[in-house]
Amino acid sequence: MKQVFRIIKEGAAQAFQQLAANKLRSFLSLLGVTIGIFCIIGVKSAVNSLEDNIRGSMAKLGNDVIYIEKFSWSEDPGQNFWKWMRRPNFTYTEFETLKEELELAELVGYWQFLGAKTAKWHSSSVENCFFIGLTEDCRDLFHLEFEGDGRFLSPVEYQSGADVCILGDVIAKGLIGEGIDPVG
Numbered sequence: 011m012k013q014v015f016r017i018i019k020e021g022a023a024q025a026f027q028q029l030a031a032n033k034l035r036s037f038l039s040l041l042g043v044t045i046g047i048f049c050i051i052g053v054k055s056a057v058n059s060l061e062d063n064i065r066g067s068m069a070k071l072g073n074d075v076i077y078i079e080k081f082s083w084s085e086d087p088g089q090n091f092w093k094w095m096r097r098p099n100f101t102y103t104e105f106e107t108l109k110e111e112l113e114l115a116e117l118v119g120y121w122q123f124l125g126a127k128t129a130k131w132h133s134s135s136v137e138n139c140f141f142i143g144l145t146e147d148c149r150d151l152f153h154l155e156f157e158g159d160g161r162f163l164s165p166v167e168y169q170s171g172a173d174v175c176i177l178g179d180v181i182a183k184g185l186i187g188e189g190i191d192p193v194g
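For what it's worth, this note's numbering labels the leading residue of the sequence shown as 11, then goes sequentially.
Calculated from the structure, these hints are not laboratory results. Because the structure is a prediction, the values reported are computed rather than measured. C-beta atoms are modelled at their ideal positions from N, C-alpha and C, and glycine is treated no differently. Hints should not be assumed to be uniformly reliable.
[As the list claims (entries may be wrong)] Label-pair ranges, simulated between beta-carbon atoms:
1. L163 / S67: 21 to 29 Å
2. D86 / F48: 33 to 41 Å
3. Q28 / D86: 58 to 66 Å
4. C49 / R149: 42 to 50 Å
5. S55 / F91: 38 to 46 Å
6. F48 / R96: 53 to 61 Å
Whenever a hint applies, use it, and build me the whole structure from the sequences.
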């Protein structure tokens, strides 16, 4: 046992002598090790950050949600564009059937997207507006919230097909103007 401690003591003493005798080599070795450790930590942090970002983005889609869409999420739509375009669009009637038949589903939502169109109200118009028609459950499915003033449509407005909509701030100001409250 004494011999083991003596060997460790002699090895440590010799290591410190070499460090003192070769200061430049010692400095460069320590610098290389330090840079290597910082690089490993930096790469690990970047990977963790990307992973958290991807997990957060996927969590917004919902981990207990099934999406039924016309286009594939796993295939490049440019390669088989016409194959996907020939598929029929989902209809509101099909949505209602799914909602009735899916007994275990807590929420069933339907949305329809219209590309860049012109929004008109009285004599005002705003071009290149994107329109999305949503059912009531989509608010909870997509965790939608307002950043400013506003409200979601009431169940009565949904069921009666009332002539109302939710406007973004820029479109509301373009159609209605400043100083007028667009919230009904």
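Cross-check of the supplied hints:
1. Between L163 and S67 the beta carbon distance is about 27 Å. The supplied range of 21 to 29 Å therefore holds.
2. For D86 paired with F48, a C-beta distance near 39 Å keeps the hint of 33 to 41 Å intact.
3. For Q28 and D86, the Cβ-Cβ distance of about 60 Å falls inside the hinted range of 58 to 66 Å, so the restraint holds.
4. Checking the proposed 42 to 50 Å range against C49 and R149 shows it holds: the Cβ atoms sit about 46 Å from each other.
5. The hinted window of 38 to 46 Å between S55 and F91 holds, with their beta carbons roughly 40 Å apart.
6. Here the CB-CB span from F48 to R96 is close to 54 Å, well matched to the stated 53 to 61 Å.
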